[in-house]
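K.L.:
Read top to bottom, the protein sequences are chains D and R.
Quick note: the first sequence uses the working numbering, first residue 1, plus one each step.
Quick note: the second sequence uses the working numbering, first residue 1, plus one each step.
Since the hints were derived computationally from the structure, they do not count as laboratory data.
We treat Cβ as the ideally placed atom computed from N, Cα and C, and that holds for glycine.
Check each hint, because a few of them may be wrong.
[As the list claims (entries may be wrong)] Facing chain D, according to a computed beta carbon distance under 7 Å, are these residues of chain R, among others:
hint : residue
1    : Val49
2    : Ser252
3    : Gln354
4    : Pro410
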Amino acid sequence: MFKYAVKRIIYIIPTLALVALMVFLLIHMIPGDPALVILGSDATPEEVELLRNALGLNEPFYKQLLMWIGQIIQGDLGVSIQTDVPVIESIMERFPVTLMLTSMALVFSIIISLPSGIMAAVRHNTRSDYIFMIGTIIGVSVPGFWLGLVALLIFSFKLGWFPSTGYVAIWEDLWPGLRYMLLPSISLGLFMAAVVARMVRSSMLEVLRLEYVTHARAKGLGEWKVIIKHALKNAFAPTLTTIGTQYGMLLGGAVVTETVFSLPGLGKYIVVAINMRDYPVVQGSILFIAVVYVLINLIVDLLYGFFDPRIEYQ
Amino acid sequence: MEQFSKSRRKMLFILLSGLILFFCSTASLLAETPKAGGEIKVRIRTDLVSTDPYKSTALINANVLGHILEPLLAYNENLKIVPVVAERWEASNDYKTYTFHLIKGKKFHNGQEMTAEDVNYSIKRMMNPETCARAKLFDGVDRIEVVDKYTIKIHLQKSAAGFPHALAVISPLMAILPKGEAERQGGEIKHPVGTGPFKFVEWKPDRHVILEKFENYKGQAGPRDGMGGERIAYLDKVTFVPVPEESVSIMSLLNKEVDLMTGFPPKYMDKYRDEYSKKGVKVQEIPGLVWVGVHFGVTQPVVDNVQFRQACAYALDIEQLAKAAFMGYAEVNPSAVAKSNQYWTSAHELFYKQDTSKSKELLKKSGYNGEEILLTTTKKYNYFYKMAVAAHAQLQAVGINVKLNVVDWPVLAKGQAKGELQMYILGASPMPDPALAYAYLFRNKFLDVYPDVEELRQQALNTADVKARTELFEQIHKLCYERVPWVLSCNYNRLQAHWDYVKGYQVLSTSVPRLWGVWLEK
């Protein structure tokens, strides 16, 4: 297993190098000039040229790329063109917000998806299964921003249970922090809950048909013991993969949720940076998210063996 | 006896009326007596870009930092230039030397007294293109002379009557900083220290900017007048909260999570009248200085033909464009000079009234042959897009093959700055001086084709006399009317909403939220 982990970590390097290259190319290919965004469209051409020179934007494209790669190797993600603040500093300030948001969304989605998926599989082709299917279809179809706005309208504006704007970190003040995070994480996690629940249902249906489950029942084990201890453990491995990939989706979805709920997270930071053509911020932040995503997938892969002993790491 | 009781009743009536009047006036006086203390939360649409005042031209910076930092000069309500940290100022007869006499005993938030050395240091930072986004405005400065502790002279290379506008420009804020402050903070202002009525506490990006009352404030005397006059801070604390989503910001206002909202969307005005006003929300409205309209890249194919542009002008109904973009919350104005500006006269009303037959006739004369014309717009500012859709329909109605090209803001800004766009929708930050506003508008390569207009603009820059400047701006407008570099539609209204317990607040045409002189009646 250790060898496998080391091998996987080594594989991460070319993946991230490719991501870095892609991000650099994509952001530089989008038309628009960061110097003009800083100076305003009423800046004179001379002012724009001066700033472009100062920011190194007039350097040949390959030189800018090499400079950036050189910086990354040294662990430096550069400095924001707009604010002059080191990108890594801003990421460290904002990532905890996104991490908390996505983690709470993950917990919420697991709490919803596991029992409902199991229930739907056990009561296959009954009314509750059909209701479950309709619910999950709605869950995967509703756009995140719409759900966020409706949630705000009902729970914040009409009922007054939650604030509509502002933010307090949970580690600064627990209860107010939770009040600020609950609505965004539920509206972010609903999509994932629907996807994971469908996966749990189909995996459980498959496993429940296998002979060893019949055997367990024949041994006289209680139904819930058979379902939880014997069926779920084996059905969980594909669900875990889904959770891993869906967590990446949560990081992407956080961009919208953070904008709707005015949360000071990494997603909102990236959106603003894209609009401002703040190249170092966009490049650095996306690379950082890619690192997180790759690491989560590595953890998921390593956890596989725990849930499915048939898997061998080579 | 009857007569006596009649006169007694009369007396009693007068006495009672007097008493009622007295109590009413005393009550209203008491109600309008400012109360010190409390915290106001203000919704801003976007977060601060930088805490360095000269670094970015983003208006939001000036809006927030304008409470902490103060410039030498600023605009009053009539857009005339008035002193702020200067007690008074004068220009030499040839407009080559400007002398500023500073307010004595004015303190920075760090306790240090503001002197001419600080002004000298600040202007040098404004002149440096590495530290100021509008350093070009100070190109004409020859040298700065510190006369004494409270007097400073700015010598220009050549006479420039319009130079004070460079010091009063709204964005970036040309603020006075303590000497050496940027160097003390590592080369850039991260914790702004100024002389304003509020001092900086903290900026947590995308969360809030917090300011608190500066107890040792000393400023101008006289009534509050635009950015001039007295600046009394009644509030203990000001928190600016960035809320980008329109609907969420309305909810936060109605939930009283914010007390004041800048940028109230026109589409909520009906709801305001029917519902919000009954709850105690007030919306203030004033015609702004930002013009929005259809612009032509006058060197681009097809659009380089003046008859074609005139045909477009006849095809467009600027009133309808204003309605489409701002639902009527705008002042229709075909001129770059706003109606509230001291330089506006009826000569600026001269423009094309929509006439589709004349438009078609001119199209024929121009030799237009159905070539595709790109009308570029962005959704970053929703009203740009709405105006583009309306203009698209009106142009198509006369047979112009126009195609809508929706891009994001940096693409539109770059295309405009380089004169690469055929037709586009544009507006800009408020510019009270028409000479500076025209400079911005002429970026569509207009001057490459008609350099004579620049001569008039330069004359306006070098003229201090209001009457002479007014005439020059009238001439520029007439030339623009003939040559049609743009079809300006309107100056849109500034709408700002607040709860009725927010007292003393007044929306300004420059849109800068001004929180001195404001108190809470809670």
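K.L.:
Does glutamine 354 (chain R) meet its interface restraint, that is, does its C-beta lie within less than 7 Å of any C-beta in chain D?
P.N.:
Given a least distance of 28 Å, the restraint on glutamine 354 (chain R) is violated.
K.L.:
Once the shortest beta carbon distance from proline 410 (chain R) to chain D is found, is it less than 7 Å?
P.N.:
Holds - the Cβ of proline 410 (chain R) comes within 7 Å of chain D, reaching about 3 Å at its closest.
K.L.:
Against chain D, is valine 49 (chain R) within 7 Å by beta-carbon distance?
P.N.:
Where the cut-off is 7 Å and the nearest Cβ of chain D is about 6 Å from valine 49 (chain R), the hint holds.
K.L.:
Was the hint right that serine 252 (chain R) lines chain D, CB cutoff 7 Å?
P.N.:
Serine 252 (chain R) check passes; min Cβ-Cβ to chain D is 4 Å, inside 7 Å.
When each numbered hint is compared with the structure, a violation occurs for hint 3 only.
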